[in-house]
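**Student:** Sequence:
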Amino acid sequence: MQKLVDLRVLPSEAADDAVIRKLLAGEAGVAASRITGYFKTRQSIDARGKTVWMNLQVNVFIDEPFQQRPHYPFHFREVRNADRQVIIVGAGPAGLFAALRCLELGVKPIILERGKDVRSRRRDLAAMNKQGEVNPESNYCFGEGGAGTYSDGKLYTRSNKRGDVNRILQLLVHFGAEEKILYQSHPHIGTNKLPHIITAIREHIIACGGEVHFETKVTGMLLNGDQLTGVQTADGSQWKGEACLLATGHSARDVFALLHQQNILIEPKPFALGVRIEHPQAIIDSAQYHCLVRDEHLPPASYSLVHQADGRGVFSFCMCPGGIIAPAATAPGEIVVNGWSPSKRNNPFANSGMVVEIRLSDLSSIRKDIEQVVGVPSSTLDGPLGMMYFQQYVERKAFAAGGGKLVAPAQRMIDFVNKKASPDLPDCSYLPGIAPADLGSVLPGFVSHTLREGFKAFGKKMKGYYTNEAVVVATESRTSSPVRIPRDPITHQHPQIKGLYPCAEGAGYAGGIVSAAMDGENTIAKAIEQWR
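In this note's numbering, the protein residues as written are 1 to 532.
Honestly, the hints are just simulated from the structure, not real lab data. Be aware that one or more of the hints could be misleading.
Here are the computed lysine to aspartate or glutamate pairs in the EDC-like style, where the Cα-Cα straight-line distance is at most 16 Å [what the hints assert, rightly or not]:
| id | residue 1 | residue 2 |
| --- | --- | --- |
| 1 | K40 | E178 |
| 2 | K456 | E469 |
| 3 | K498 | D226 |
| 4 | K498 | E242 |
| 5 | K217 | E64 |
| 6 | K116 | E211 |
| 7 | K50 | D235 |
| 8 | K344 | E178 |
| 9 | K217 | E242 |
| 10 | K3 | E64 |
Per label pair, the in silico range of CB-to-CB distance [what the hints assert, rightly or not]:
| id | residue 1 | residue 2 | range |
| --- | --- | --- | --- |
| 11 | N224 | Q67 | 19 to 27 Å |
| 12 | P70 | P136 | 38 to 46 Å |
| 13 | D369 | P486 | 49 to 57 Å |
| 14 | N192 | D424 | 52 to 60 Å |
| 15 | S378 | E203 | 47 to 55 Å |
| 16 | A126 | T36 | 14 to 22 Å |
By construction, the Cβ of each residue, glycine as well, lies at the ideal position given by its N, Cα and C atoms.
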């Protein structure tokens with residue numbers, strides 16, 4: 001007999017197999033000796049009261065042989081000689097999972113990735129962190145696995161309506177992720193482990209007959225009237241396919257410019273922009289777990305905060321407990337910061353994006369400043385790339401304020417709120433370094449105002465959050481794409497160009513590893529379905 005049992009236990013009890021078995025026996029009303037095994041189906045932390053509890057749902061086996069957790073039966077086909085092939089531009093989560101779906105459907109995927117493989121990317125990331133040098137084709141955003149590979153590996157999503165979340169998690173386990181991501185309420189792989197999983201996926205795609213080409217940058221769309229026939233790359237090569245899945249990520253500004261240049265319809269899109277804020281992890285642990293020292297059986301605490309200030313939203317984004325702040329610029333002369341955590345989340349700091357919603361109407365308030373700093377004519381800002389230039393404007397101002405070499409401008413939290421200079425700064429995990437600066441002069445005025453109101457409000461919600469031990473680092477600007485590439489809601493095909501299928505973060509339809517992977521899978525499946 002199998003039975004689902006709900007348990008509410010202390011963190012130390014959740015880590016003790018003997019205790020769990022005893023509690024399961026009591027809940028099931030049987031002797032402990034009759035329990036042959038169990039596995040967790042759900043696990044979450046309840047820290048609302050003074051005592052922190054772990055809520056578990058467990059599938060327990062009684063008087064029958066224990067069976068391991070069931071896994072999806074994936075069937076990948078040999079596609080080396082398949083009749084049809086598709087071009088996939090981008091080897092991020094959307095592109096890689098779309099390629100795996102192609103293997104299941106018997107279609108050959110050809111992935112074209114502008115950046116390098118995960119191993120080679122490491123050298124370019126080291127140059128960013130140590131020398132402050134940016135390779136525009138290989139960085140935290142561009143390369144195998146996309147931005148997600150070196151940006152933490154958080155797998156939490158509310159996007160069940162987009163597809164089967166469990167299927168994506170099962171695929172990750174199939175290629176090497178730990179099974180705990182299948183039952184944790186906020187699953188996380190870790191930046192140190194993701195590269196091995198991404199490599200395994202790529203090797204499997206190639207073993208089944210698919211192709212993966214690195215340092216292969218798409219520079220043109222091949223069109224026959226309104227029909228896309230393939231793409232052209234920087235070396236002059238032409239790649240033909242039945243369809244092209246565009247999965248280039250939210251930072252591929254040259255792709256947006258290319259589409260606009262070729263008169264392929266794109267649209268400006270609202271996004272969010274702000275800062276990274278970093279606290280000592282002990283402050284967040286104390287606030288969330290109501291203790292002086294975190295229980296060793298609890299993970300480093302996280303938080304999720306949101307506030308409305310004068311009708312404008314400010315919210316936490318991509319919170320990284322036990323993590324570091326990383327440089328995420330994709331071109332020289334700009335400062336972009338992001339955050340990530342290793343699998344153990346054992347760094348002494350906690351960081352999070354804290355961002356403000358940017359509306360299309362906000363462009364007009366700083367129009368002349370954008371023209372001057374970015375160097376674009378006013379008429380350009382009226383087009384679909386206007387919000388992209390807004391984003392770039394703030395990143396360039398941050399670079400100038402930091403003084404160069406990817407040094408980021410920063411300010412203590414309370415000093416920022418009180419518009420006071422910080423004569424010194426606390427220790428910070430951002431390896432290229434931080435420099436004291438007036439962030440009010442870096443960020444647009446309405447962004448600074450909203451952040452200040454948000455920080456004060458969050459200090460009232462979370463004890464210890466509002467402190468000068470926290471450092472505010474600019475600028476967190478790549479929360480989502482500032483451009484949307486339109487598509488039909490049913491077919492996912494571009495409304496103007498047949499055979500072009502925009503998807504995931506770069507097209508404005510996803511946010512995060514899991515939702516991007518689902519969108520990539522769904523979009524390529526819809527393209528193949530139309531052929532058949």
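**Student:** For each hint, tell me whether it holds in the structure or not.
**Tutor:** How the hints compare with the structure:
no.	hint	result
1	K40 with E178	13 Å, holds
2	K456 with E469	15 Å, holds
3	K498 with D226	6 Å, holds
4	K498 with E242	10 Å, holds
5	K217 with E64	56 Å, violated
6	K116 with E211	14 Å, holds
7	K50 with D235	62 Å, violated
8	K344 with E178	13 Å, holds
9	K217 with E242	19 Å, violated
10	K3 with E64	11 Å, holds
11	N224 with Q67: 19 to 27 Å	55 Å, violated
12	P70 with P136: 38 to 46 Å	45 Å, holds
13	D369 with P486: 49 to 57 Å	29 Å, violated
14	N192 with D424: 52 to 60 Å	32 Å, violated
15	S378 with E203: 47 to 55 Å	50 Å, holds
16	A126 with T36: 14 to 22 Å	50 Å, violated
Checked against the numbered hints above, the structure violates hints 5, 7, 9, 11, 13, 14 and 16; every other hint is satisfied.
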